[in-house]
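Trainee: If you want the building blocks of each chain, they are given just below.
2 protein chains.
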Amino acid sequence: MKIISENRAFGGRQLVVTHGSAACDGEMTFGLYLPPQAEAGRVPVLWYLSGLTCTHENAMVKAGAQAWAAQAGIAVVFPDTSPRGEAADDAAFDLGRGAGFYVDATEAPWAAHFQMWTYVAQELPDLVFDQFPLDAARQAITGHSMGGHGALTLALSYPERFRSVSAFAPICNPTRSDWGRKQFAAYLGAEEGPWAAHDAVELIKARGLTLPLLVDQGGADKFLDLLQPQALEAALAGSAGVFRWQAGYDHSYFFVASFMQDHIAFHARALLA
Amino acid sequence: MKIISENRAFGGRQLVVTHGSAACDGEMTFGLYLPPQAEAGRVPVLWYLSGLTCTHENAMVKAGAQAWAAQAGIAVVFPDTSPRGEAADDAAFDLGRGAGFYVDATEAPWAAHFQMWTYVAQELPDLVFDQFPLDAARQAITGHSMGGHGALTLALSYPERFRSVSAFAPICNPTRSDWGRKQFAAYLGAEEGPWAAHDAVELIKARGLTLPLLVDQGGADKFLDLLQPQALEAALAGSAGVFRWQAGYDHSYFFVASFMQDHIAFHARALLA
Numbered sequence: 001m002k003i004i005s006e007n008r009a010f011g012g013r014q015l016v017v018t019h020g021s022a023a024c025d026g027e028m029t030f031g032l033y034l035p036p037q038a039e040a041g042r043v044p045v046l047w048y049l050s051g052l053t054c055t056h057e058n059a060m061v062k063a064g065a066q067a068w069a070a071q072a073g074i075a076v077v078f079p080d081t082s083p084r085g086e087a088a089d090d091a092a093f094d095l096g097r098g099a100g101f102y103v104d105a106t107e108a109p110w111a112a113h114f115q116m117w118t119y120v121a122q123e124l125p126d127l128v129f130d131q132f133p134l135d136a137a138r139q140a141i142t143g144h145s146m147g148g149h150g151a152l153t154l155a156l157s158y159p160e161r162f163r164s165v166s167a168f169a170p171i172c173n174p175t176r177s178d179w180g181r182k183q184f185a186a187y188l189g190a191e192e193g194p195w196a197a198h199d200a201v202e203l204i205k206a207r208g209l210t211l212p213l214l215v216d217q218g219g220a221d222k223f224l225d226l227l228q229p230q231a232l233e234a235a236l237a238g239s240a241g242v243f244r245w246q247a248g249y250d251h252s253y254f255f256v257a258s259f260m261q262d263h264i265a266f267h268a269r270a271l272l273a
Numbered sequence: 274m275k276i277i278s279e280n281r282a283f284g285g286r287q288l289v290v291t292h293g294s295a296a297c298d299g300e301m302t303f304g305l306y307l308p309p310q311a312e313a314g315r316v317p318v319l320w321y322l323s324g325l326t327c328t329h330e331n332a333m334v335k336a337g338a339q340a341w342a343a344q345a346g347i348a349v350v351f352p353d354t355s356p357r358g359e360a361a362d363d364a365a366f367d368l369g370r371g372a373g374f375y376v377d378a379t380e381a382p383w384a385a386h387f388q389m390w391t392y393v394a395q396e397l398p399d400l401v402f403d404q405f406p407l408d409a410a411r412q413a414i415t416g417h418s419m420g421g422h423g424a425l426t427l428a429l430s431y432p433e434r435f436r437s438v439s440a441f442a443p444i445c446n447p448t449r450s451d452w453g454r455k456q457f458a459a460y461l462g463a464e465e466g467p468w469a470a471h472d473a474v475e476l477i478k479a480r481g482l483t484l485p486l487l488v489d490q491g492g493a494d495k496f497l498d499l500l501q502p503q504a505l506e507a508a509l510a511g512s513a514g515v516f517r518w519q520a521g522y523d524h525s526y527f528f529v530a531s532f533m534q535d536h537i538a539f540h541a542r543a544l545l546a
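Going down the list, the sequences are from chains G and D.
For the first sequence, the numbering used here begins at 1 and goes up steadily by one.
For the second sequence, the numbering used here begins at 274 and goes up steadily by one.
The hints are simulated quantities; they were obtained by calculation from the structure and are not laboratory data.
Heads up, some of the hints might be wrong.
Unchecked claim - Derived lysine-lysine pairs resembling DSS-like cross-links, with alpha carbons at most 27 angstroms apart:
hint, chain 1, residue 1, chain 2, residue 2
1, D, Lys495, G, Lys62
2, G, Lys62, D, Lys455
3, G, Lys62, G, Lys2
4, D, Lys335, G, Lys62
5, G, Lys182, G, Lys205
6, G, Lys222, D, Lys478
7, D, Lys495, D, Lys455
8, D, Lys275, D, Lys335
9, G, Lys182, G, Lys222
10, D, Lys478, D, Lys335
11, D, Lys495, G, Lys2
12, D, Lys455, D, Lys478
13, G, Lys2, D, Lys335
14, G, Lys222, D, Lys335
15, G, Lys205, G, Lys62
The shape of chain G in the complex, shown without the other chains (with noise of 0.2 angstroms):
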């Protein structure tokens, strides 16, 4: 583990990271807000998932996320989206590089790098609770569109090592979607059996929703019709899940930003409690 880059903001650490990943088989990097609180002891963290294209750096520089940690006292990462070498190219801009949809790939050629679930799930908690001051009986998670996704299907898959699970736009039902079925079935395989397990609406359905949700989705956004929101909004009808629609606001990080403020202090209270 290598720290590459190091920021003072907000009072606290503003670092980016780069680290050997077996899952990945390859070198990854990600980026890591510590606030002034953690000088003095363990804090909690915030797990933002970051979108198709995006790198760690994207939110990290674009979200507004580090004002309103600091002021909480809670601690985010901001993990890459796919691995960055060579086997990662592919044409597409939603396949592959900044694509990899937080599943494990059992496909070639995707498999021997593509391992985005165990590496976020698994390999890259083991590493930041082992090297930082963060408290892992203290975790929340979000993220924006694709990463929206990943916060959703993590947060659904493992309902008792996260307190609340938020998202920004989220790709909501992936195996109804030209963002999630093309993907899928590159990195899945054909049969969609496996599938489900990585749709946050099929989760809700066959789990139900156990833990504080909340979900902004932009009512300009122009890709409604991949992200599925409506889906998602039916699947929480009758849960404590709060969606809301944001009237004008579109796909960017200006929307991000924009509700940054209120899903920080969602998780606030779930981590603060």
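On the provided structure of chain G, position chain D as indicated by the hints.
Mentor: Showing chain D alone in chain G's frame:
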């Protein structure tokens, strides 16, 4: 004038606008954040001048100004840092493209396009006050690094126009720095007499300080030799200007974002009084 992008942000509108510039003899681009209050009438405006290598976009997506501007009801204009045509080409990062230094060039080959003082002080204000619900009687100005130099020199030259001025790690004394002498020689010529009009320290010595001023400077900034903050600190001695050293902070946007709330609050006190 053409609005080339619009994103809802913090209840307001983040615009990017292109227009033909007579001063720079070509097309120029700027960002404009209109807070929610601009729907109801003219709002005060904060000019944000960016640093070397930046376009209109860097601060717009990384400085986190919109959150606080929306709360205060203040618009923010993000001008570009130089003309962008072929005439702007130069091998150096600190001359030509992205490095206008907010002066009107008198020397070839720059004079034909590099009229950034006239552009920022005259042409762009004329445009935005004509086209958008901004209140010309309530203006403030800030900036980062080369943009801090621009903000300070504009405010000190037009103290009747600006109610307050601030800067993040500004180039303070460019007539005595390699971030200044090289560019002033290229843009303004070898005769040093006219340079002093574009040096904040020299302006304060010559004219005094007649408006509220706030400067933050990171203590771990690796460009201290080029920025010359001690010269500004000394020039401000005995004045009402506030110069703050921020221990541990570097020259990055993480530093700018960390103190943006303070700067917007500082300007809001002057603009909303």
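Trainee: Are there hints from earlier that the structure breaks, and if so, what are their numbers?
Mentor: 2, 6, 10 and 15
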